[in-house]
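Since the structure of chain A is already known, use the hints to place chain B on it.
Number of protein chains: 2
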Amino acid sequence: MDIRIDIARLRRDIEELGRIGCDASGGVSRPSFSPADLQARAWLKDRLAAADLAVRQDGAGNIFGRLGGDGRPVMTGSHIDTVLNGGMFDGAAGVLSSLECLRRIREENVPLAKPLEIVSFTDEEGNLCGDFLGSRAFTGRLNREEIERGLTQLGIPLADILKGTEFSAESILRTNAAAEAAAPEVEAFLELHVEQGAVLDDEGIPVGIVDRFSGKHYRLCSFLGKAGHAGTTPIELRKDAFLGLADFALRSTQHVATRHYGSFVTIGRVAVRPGAFSIVPGQADFTFEFRSAAPETMKALETELFALADDVARTRGLMFVSKIVDSTTPLAVAPRILDVLTEACGRLGIPFMKLTSGAGHDAQIMAAVTDSGMIFVPSPDGVSHSPKECLRWEDLEKAANLLLAALLRLAS
Amino acid sequence: MDIRIDIARLRRDIEELGRIGCDASGGVSRPSFSPADLQARAWLKDRLAAADLAVRQDGAGNIFGRLGGDGRPVMTGSHIDTVLNGGMFDGAAGVLSSLECLRRIREENVPLAKPLEIVSFTDEEGNLCGDFLGSRAFTGRLNREEIERGLTQLGIPLADILKGTEFSAESILRTNAAAEAAAPEVEAFLELHVEQGAVLDDEGIPVGIVDRFSGKHYRLCSFLGKAGHAGTTPIELRKDAFLGLADFALRSTQHVATRHYGSFVTIGRVAVRPGAFSIVPGQADFTFEFRSAAPETMKALETELFALADDVARTRGLMFVSKIVDSTTPLAVAPRILDVLTEACGRLGIPFMKLTSGAGHDAQIMAAVTDSGMIFVPSPDGVSHSPKECLRWEDLEKAANLLLAALLRLAS
Numbered sequence: 004m005d006i007r008i009d010i011a012r013l014r015r016d017i018e019e020l021g022r023i024g025c026d027a028s029g030g031v032s033r034p035s036f037s038p039a040d041l042q043a044r045a046w047l048k049d050r051l052a053a054a055d056l057a058v059r060q061d062g063a064g065n066i067f068g069r070l071g072g073d074g075r076p077v078m079t080g081s082h083i084d085t086v087l088n089g090g091m092f093d094g095a096a097g098v099l100s101s102l103e104c105l106r107r108i109r110e111e112n113v114p115l116a117k118p119l120e121i122v123s124f125t126d127e128e129g130n131l132c133g134d135f136l137g138s139r140a141f142t143g144r145l146n147r148e149e150i151e152r153g154l155t156q157l158g159i160p161l162a163d164i165l166k167g168t169e170f171s172a173e174s175i176l177r178t179n180a181a182a183e184a185a186a187p188e189v190e191a192f193l194e195l196h197v198e199q200g201a202v203l204d205d206e207g208i209p210v211g212i213v214d215r216f217s218g219k220h221y222r223l224c225s226f227l228g229k230a231g232h233a234g235t236t237p238i239e240l241r242k243d244a245f246l247g248l249a250d251f252a253l254r255s256t257q258h259v260a261t262r263h264y265g266s267f268v269t270i271g272r273v274a275v276r277p278g279a280f281s282i283v284p285g286q287a288d289f290t291f292e293f294r295s296a297a298p299e300t301m302k303a304l305e306t307e308l309f310a311l312a313d314d315v316a317r318t319r320g321l322m323f324v325s326k327i328v329d330s331t332t333p334l335a336v337a338p339r340i341l342d343v344l345t346e347a348c349g350r351l352g353i354p355f356m357k358l359t360s361g362a363g364h365d366a367q368i369m370a371a372v373t374d375s376g377m378i379f380v381p382s383p384d385g386v387s388h389s390p391k392e393c394l395r396w397e398d399l400e401k402a403a404n405l406l407l408a409a410l411l412r413l414a415s
Numbered sequence: 004m005d006i007r008i009d010i011a012r013l014r015r016d017i018e019e020l021g022r023i024g025c026d027a028s029g030g031v032s033r034p035s036f037s038p039a040d041l042q043a044r045a046w047l048k049d050r051l052a053a054a055d056l057a058v059r060q061d062g063a064g065n066i067f068g069r070l071g072g073d074g075r076p077v078m079t080g081s082h083i084d085t086v087l088n089g090g091m092f093d094g095a096a097g098v099l100s101s102l103e104c105l106r107r108i109r110e111e112n113v114p115l116a117k118p119l120e121i122v123s124f125t126d127e128e129g130n131l132c133g134d135f136l137g138s139r140a141f142t143g144r145l146n147r148e149e150i151e152r153g154l155t156q157l158g159i160p161l162a163d164i165l166k167g168t169e170f171s172a173e174s175i176l177r178t179n180a181a182a183e184a185a186a187p188e189v190e191a192f193l194e195l196h197v198e199q200g201a202v203l204d205d206e207g208i209p210v211g212i213v214d215r216f217s218g219k220h221y222r223l224c225s226f227l228g229k230a231g232h233a234g235t236t237p238i239e240l241r242k243d244a245f246l247g248l249a250d251f252a253l254r255s256t257q258h259v260a261t262r263h264y265g266s267f268v269t270i271g272r273v274a275v276r277p278g279a280f281s282i283v284p285g286q287a288d289f290t291f292e293f294r295s296a297a298p299e300t301m302k303a304l305e306t307e308l309f310a311l312a313d314d315v316a317r318t319r320g321l322m323f324v325s326k327i328v329d330s331t332t333p334l335a336v337a338p339r340i341l342d343v344l345t346e347a348c349g350r351l352g353i354p355f356m357k358l359t360s361g362a363g364h365d366a367q368i369m370a371a372v373t374d375s376g377m378i379f380v381p382s383p384d385g386v387s388h389s390p391k392e393c394l395r396w397e398d399l400e401k402a403a404n405l406l407l408a409a410l411l412r413l414a415s
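If you're matching them up, the sequences are chains A and B in order. Sequential numbering from 4 applies to the first sequence in this note's numbering. Sequential numbering from 4 applies to the second sequence in this note's numbering.
Extracted from the complex, chain A is given alone in its bound form (with noise of 0.2 Å):
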């Protein structure tokens, strides 16, 4: 069946959702469960409904939409929670061409051997508890703890966030026990996502198609010194934690760079006590994390990189402490859902290339349970979580209707 999407009725989708939580700058904040993101969600569900979709939602605020009846679902969306102040496309693309191709396929009554079902995972961005809460509670993959403690990255406990909405800790909990207790059945997931970095567009090709998750290792840190007066005592007798900490990111940089080049080392967040003009710093608190799309490097990176941290230490006088707060291992995609891209591309006559995903997806989630895959919309500039965020909607068009080619392949 050779259907294709509407890309005009797609971008009036993705503008009108784009309108919800976006300030006069245009930039984009809806976290979820915030105002703007309990408006889009309910915005959302009338659009699922419109489109002939049994709409439902589970305890933790994933929405699903079904076309089709019982059976193993083939599974495909994303997200349509944003960071503060982000783009319009980030998760959203994704959701809104799902929806498009189901109300393709629903217009024109193609048959189906197995179920479509799109899905709005809640909170991929992580404002709540940790990474992907709502992808985590479908899989069964929550940290229990983080959720139960509750204070949220946005430092607004949990249950304050969820005060008059459906939803709570224990909601959330049921249904990741659930998820726990008998893993969802899912025949695939695929999801549309803008690249959220240059690749594609450096080397100009429309679409990409992930072959690999990057591992990704987090920790808490911190080097821990002594605090002293900044006129009175003398450098050679301090033990700055700060600069503990300036002297490990730039070491752990280069050791990143120049021996596992193509592998990523990130200090994003750094708080400084007591934090004053004149105090020596005494403690250096920060997050780390470094990534590689090979499981040997993620080893070695996890070996080097903290030896290097504690060489830093003691030729400071100084003390480093540190706790994992996320670690992933990389993985390969199946290589049945690549087949289906790879020739959907051939056959659409679509230029792609495949890469790796660098950045955290539900789909790595899903994997967990499913053969689950991911398209690709270049990033002009490789612009992300920025109210300068975009894409080409030729580029956009191209992409959605290989996600309508292989979700009808999948399905069939």
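Think of the hints as simulated: they come from the structure by calculation, not from any bench. Some hints here could point you the wrong way.
For identical chains, the list gives no copy identity; a pair is met inside one copy or between any two copies.
Using 30 Å as the maximum straight-line C-alpha spacing, the simulated BS3-like pairs for lysine-lysine come out as follows [claimed, not checked]:
| no. | residue 1 | residue 2 |
| --- | --- | --- |
| 1 | Lys117 | Lys48 |
| 2 | Lys242 | Lys357 |
| 3 | Lys357 | Lys166 |
| 4 | Lys357 | Lys229 |
| 5 | Lys48 | Lys242 |
| 6 | Lys391 | Lys166 |
Here is chain B on its own, set in the frame of chain A:
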């Protein structure tokens, strides 16, 4: 006249004041105009009155206690405010030693050619708007704008802090304006203070005579780069503002330690934006300060260190911007004051050494209107701005007797 202070009585005073604003762990928190500080002010005024001194306060909350009639007074004092979670000696030891001196002179009815006046300056610690609010207002050296902006270091509006007190931004500015119009007439000023460094303790010398005040240069600085996704932006394409700061921190410290040994450079506060695990920092804001005892070194440091910052920015594709917050030139103590103090040490048989004051003190502000000097009491292990701050009573006794002898000499 050969009289001595009563160290037991002085100790009781210090310990009594030390209980006001003291928490269970021994930390004293008495920022100016906090409830604890208001209680301490009332306590001090009672003590001054009980010693038969003429008590008054000005619009900036500086408290005075005078012995003798009209005329240019020889002044002595320090401050009773503290940093948050500080110690019981920083400031209080000076004010109460001054009180003990005037009390003894009063008790012995020593005839004075000039009046003596104690002062306890408001907010030496800079918890409100800028450093040295009290002594700056007294000498007409306030930054008007800073007071008018009214945002305190504690993050609370100045107006809220002053609500319910006898003081206001207007009363502070009036005091300052009066001193701008006519500088206060002061014969000389002496301040006894804990060293807040480890020099005297290391040398095993009980008393320090400050012969020079370090110059300080304070700036708020930023490296500006470009935020990016930590999993999709290759290291070689990043403009990581935090790595710029790390580089500058190490190079500036190295530069001062090797080319200007004995000078100080400190990065005490750091904020990285946007500040998330998975985002390459696009901006790194930080405080930067350096100090030196020599005017020519201060000039060289300003040129060299900011050239270095520009070089770091250029090398890394960043921008460097900065704004001067404060800048003072090194200052020599008047020979007359040094003569009085060293001569008194000789007469009393007190071992002493001359040293530079690296920290800032009200005495430095007072130097703008009169001959101003300082007596340092050793800080065991150099601990300062901490509940563990301490002094040895036998050292304090020597220092307070030196203060007494010097005051008598200056007022004779």
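Here is how each hint holds up against the structure:
1. Lys117 to Lys48: within (22 Å within a copy, 87 Å between copies)
2. Lys242 to Lys357: between (48 Å within a copy, 26 Å between copies)
3. Lys357 to Lys166: neither (43 Å within a copy, 65 Å between copies)
4. Lys357 to Lys229: between (50 Å within a copy, 27 Å between copies)
5. Lys48 to Lys242: neither (57 Å within a copy, 41 Å between copies)
6. Lys391 to Lys166: neither (32 Å within a copy, 45 Å between copies)
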